[in-house]
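Top line first, the protein sequences correspond to chains U and D. End of the first sequence sits at 97 in this note's numbering; the numbers just go up one at a time, nothing left out. End of the second sequence sits at 1530 in this note's numbering; the numbers just go up one at a time, nothing left out.
Hints are computed from structural coordinates only; laboratory data are not their basis. Model, not experiment: these values are computed from the prediction. Ideal placement from N, C-alpha and C gives every residue a C-beta, glycine not left out. Mixed in with the good hints, there may be bad ones.
Said to hold, decoys possible - Under the rule of at most 30 Å between Cα atoms (straight-line distance), these lysine-lysine pairs were calculated in the DSS-like manner:
1. K1297/D / K18/U
2. K18/U / K1393/D
3. K1166/D / K1393/D
4. K42/U / K1297/D
5. K18/U / K1330/D
6. K1393/D / K40/U
Claimed, not checked - Pair by pair, the computed Cβ-Cβ distance ranges are:
7. R22/U / A1413/D: 40 to 46 Å
8. K1166/D / I49/U: 24 to 30 Å
9. A1051/D / A65/U: 28 to 34 Å
10. F1481/D / E88/U: 37 to 43 Å
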Amino acid sequence: MAVWQSFGKINYFIKKGKRKMREEIMEILTELRPDVEFEKEKKLIDDGILDSFDIVSLVGELNDAFDVSINVQDLLPENFNCVDAMVELIENLQEEE
Amino acid sequence: MSLTSLNFFVFLFASLVVYFLLSEKYQWRWLLAVSCFFYVYCSKTLSVFIAVTCISTYVISLLIERSEFRYKDEMKRIKSGELKLDKKLAKKQNIRRKRLCIWAAALINVGMLVVLKFWDLIFTDINTKFFGAAEGFVPLLHIGLPLGISFYTFQAVGYLVDIYRKRVAAEHNFFKAALFITFFPQIVQGPISRFDQLSVELYSGHKFQSRNLTDGFYLMLWGMFKKMVIADRAGIMVDYVFYDYQNFSGWQFWVAAFAYAFQMYGDFSGGIDIVRGAAKMFGIEMVDNFERPYFSKDIPEFWRRWHTTLGTWFRDYLFYPMSLSSTAQKISKSLRKKGHLHLAKMLPAHVSCIVLWLANGAWHGAGTQYIVFGLYHGILTVLSEEYHAKLVKLGDKLHINQSCASWSFFQMARTFFLVAVGRVIYITPNFGASLTILKSMFTAKNVGIFFNEGLYKLGLDRPDLYVLVFACMVLLVVEIFQERMRIREWLYGQNLYFRWGLAFGLIFTVLVFGVYGHGYDAAGFIYMQY
């Protein structure tokens, strides 16, 4: 029982951390492009909503905020098409580092 | 062999017949054979340079892959305890090995491009200035430029960087890799294809489909209309006015500058339509290089829609690596710490953008005018990115309706004007001449040319000018429809009589109104020289 409880607690903290990260990314994105509804958009790159200048600024901000280093190799549309994809990318990079 | 010559059509027809007679397994081999024949036929001994690119690209692609395999093996052995090596060190060594490969590829291929393109141009100037004769102190090469060298070089380098970034796997069959570089329709003037897109199309067999044949036919016909009826006709006026610029002034230059805008578009996009149409006949889909760029509302949008494959190439292989380099990120971080938040955010992108545009300018040719052209568009792009949002806000404050048609038209006209002016910078052989022309354009007084038949004294007589204006209007109307619908799909919904009528009408127009007369160079596509 105690084991399940500690699993539950870990899961709770992971979820909380993820939610916080998502909120921070949303903040960065909204500051970068206040004209875009990031919660709704699922094809930020494919539909050309974020251009190359936005991407460079965004990567700089994300690197700084989450202490990761997003490389050119990571600049795939699937990593930046929506907020959740960005959360996943940063989580993966944090795990790697 | 020009893309609009009879030789090319006979060659294409013969290639197609054999291609569809062969089993799908052998079709790509045939494509490689005809591509090699086409290249050697056009470039003769200069073909040796594309051979060097094919071989070096193939060898280096395998070396990059081998480095990656070695790294994976090392990681496995580290995890199992078999190898005592720091994981980070193994990763660093892998990156260093792969980078060395990329630098070697750039040195060989971009080196060849730079030397062949610029050596004679630069040293002719230096010899003349400092030693009194073109054939002076530094010997000139007099080799000439191999057909499509910048297009296939960019494509090969892009392929290698994609392997480096693990986006694609290296092609192990040398002949398949060679086909990706030499595929004959694209070799003349692009588009610059990506391996993951084009390789699938090239290597998989294609069954004969009449729809592909007619699609390709329509596309080629439309390309020939743009090239032969519009571009080559506008070219007569452009050459007439700008080559003897001392005899013209003011509004005459404006008319010729607008004609040049249509010449460039007709020539390049028409050529690309012919390339895509020829590929389509084999069942091979190629990316489009133009998305009706003259409907762009600002300069960055224009360059996203004009020669898109070069734009994305520069973005992916030059702009991103520069602006996201560790040096750029360090500078950005230190600016952020000092409280210069906006500068920290924009500086890497802006500096990279200017460098990218200088490279783009140099790609167009050697000379001050090309550097100024690059700088002009670099500065316009940076200004547009920096002030776009502020200008929108200002428009709102001034109660300007920014979503109505007239405002969109104003934005398109503004972009067209800026682009046309930008092209005048490099149209003349030297920057001094360009400055004289620009000065004359911005102090134009001779508005009378629009009323006293002065327009017919710019190299085109009255009927030719009417044909040019009418053809440009047809182009404009078709492109307005293309913005809203897929014209080819619509065409297939019409009766056969209508479709054939339209096709014959276009053939008739190209045959009757295409420019073939005195001074016509069937081999001359402007972008071939790049």
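30 Å Cα cutoff - pair K1297/D, K18/U: Answer violated: K1297/D to K18/U is near 39 Å, above 30 Å.
When you take the CB atoms of R22/U and A1413/D, is the distance between them in 40 to 46 Å? 43 Å, holds
Going straight from one Cα to the other, do K1166/D and K1393/D come out at no more than 30 Å? 42 Å, violated
Restraint check for K18/U with K1393/D, where alpha carbons must lie at most 30 Å apart: This hinted pair is violated, its Cα atoms lying about 35 Å apart.
Straight-line Cα separation of K42/U and K1297/D no greater than 30 Å? It holds: about 25 Å lies between the C-alpha atoms, which stays within 30 Å.
K1166/D versus I49/U beta-carbon gap, inside 24 to 30 Å or not: With a Cβ separation near 26 Å, K1166/D and I49/U satisfy 24 to 30 Å, so the hint holds.
Taking 30 Å as the top limit, are the C-alpha atoms of K18/U and K1330/D close enough? 27 Å, holds
Between K1393/D and K40/U, is the straight-line Cα distance small enough, at 30 Å or below? Holds, at about 23 Å.
Supplied distance hint 37 to 43 Å, evaluated on CB atoms of F1481/D and E88/U: 41 Å, holds
Given a hint of 28 to 34 Å, does the C-beta separation of A1051/D and A65/U actually sit inside it? With Cβ atoms ~50 Å apart, the hint is violated.
Taken one by one, the earlier hints fail for this structure at numbers 1, 2, 3 and 9, listed in ascending order.
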